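Colleague: Based on the sequences and whatever the hints tell you, model everything.
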Amino acid sequence: MKKRLTDAALDLMWENSYGTTSVDAICERAGAKKGSFYYFFKSKSELTAAALEAEWNKNKANMDALFSPTIPPLERFDRYFDHVHDRLAELQRECGSILGCPLLSIGSEVSTQDKVVR
Numbered sequence: 102m103k104k105r106l107t108d109a110a111l112d113l114m115w116e117n118s119y120g121t122t123s124v125d126a127i128c129e130r131a132g133a134k135k136g137s138f139y140y141f142f143k144s145k146s147e148l149t150a151a152a153l154e155a156e157w158n159k160n161k162a163n164m165d166a167l168f169s170p171t172i173p174p175l176e177r178f179d180r181y182f183d184h185v186h187d188r189l190a191e192l193q194r195e196c197g198s199i200l201g202c203p204l205l206s207i208g209s210e211v212s213t214q215d216k217v218v219r
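Numbering (our numbering), first residue to last: 102 to 219.
Rather than coming from a laboratory, the hints here were simulated on the basis of the structure.
If you're wondering where the values come from, they're calculated on a predicted model, not measured in any experiment.
With a straight-line Cα cutoff of 27 angstroms, these simulated DSS-like cross-link-like pairs (lysine-lysine) come out: (1) LYS104 <-> LYS145; (2) LYS104 <-> LYS135; (3) LYS103 <-> LYS135; (4) LYS103 <-> LYS143; (5) LYS159 <-> LYS103; (6) LYS134 <-> LYS104; (7) LYS145 <-> LYS134; (8) LYS145 <-> LYS159; (9) LYS135 <-> LYS145; (10) LYS143 <-> LYS159; (11) LYS161 <-> LYS103; (12) LYS103 <-> LYS145; (13) LYS159 <-> LYS104; (14) LYS134 <-> LYS103; (15) LYS159 <-> LYS134; (16) LYS143 <-> LYS104; (17) LYS104 <-> LYS161; (18) LYS145 <-> LYS161.
Restraint-style ranges between C-beta atoms, simulated for each label pair: (19) LEU189 <-> PHE168: 16 to 22 angstroms; (20) GLN193 <-> ASP125: 27 to 33 angstroms; (21) LYS134 <-> ARG188: 29 to 35 angstroms; (22) SER169 <-> MET102: 35 to 41 angstroms; (23) GLY120 <-> ASP183: 29 to 35 angstroms; (24) SER118 <-> GLU195: 17 to 23 angstroms.
Note that beta-carbon positions come from the ideal geometry of N, C-alpha and C, so glycine has one too.
Modeller: Rendered as structure tokens:
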């Protein structure tokens with residue numbers, strides 16, 4: 102249930118924004134009751150921090166490979182931009198829109214507003 106909540110939160114915040122995503126919407130998307138939400142998380146901020154950390158952990162190995170010190174520096178950037186292009190094209194096909202990076206989108210929205218997420 103905890104993973105369903107973090108996945109739902111990240112998806113909704115990515116599709117819309119942190120500010121417009123409510124706990125009710127997160128619970129509805131996750132198929133969870135509010136009691137389950139508050140069993141795992143004290144607040145939307147705490148859930149968001151957990152969701153962003155899970156997203157980072159999911160992508161960290163790939164980022165480490167793209168930026169491996171065994172690859173020449175300029176090639177690292179070429180590989181990274183190819184990866185970003187491919188991922189955005191995939192999202193365009195799947196979602197019908199380009200959503201960008203959830204870490205950057207959510208982080209830039211709340212970086213000065215929410216100490217827990219920051």
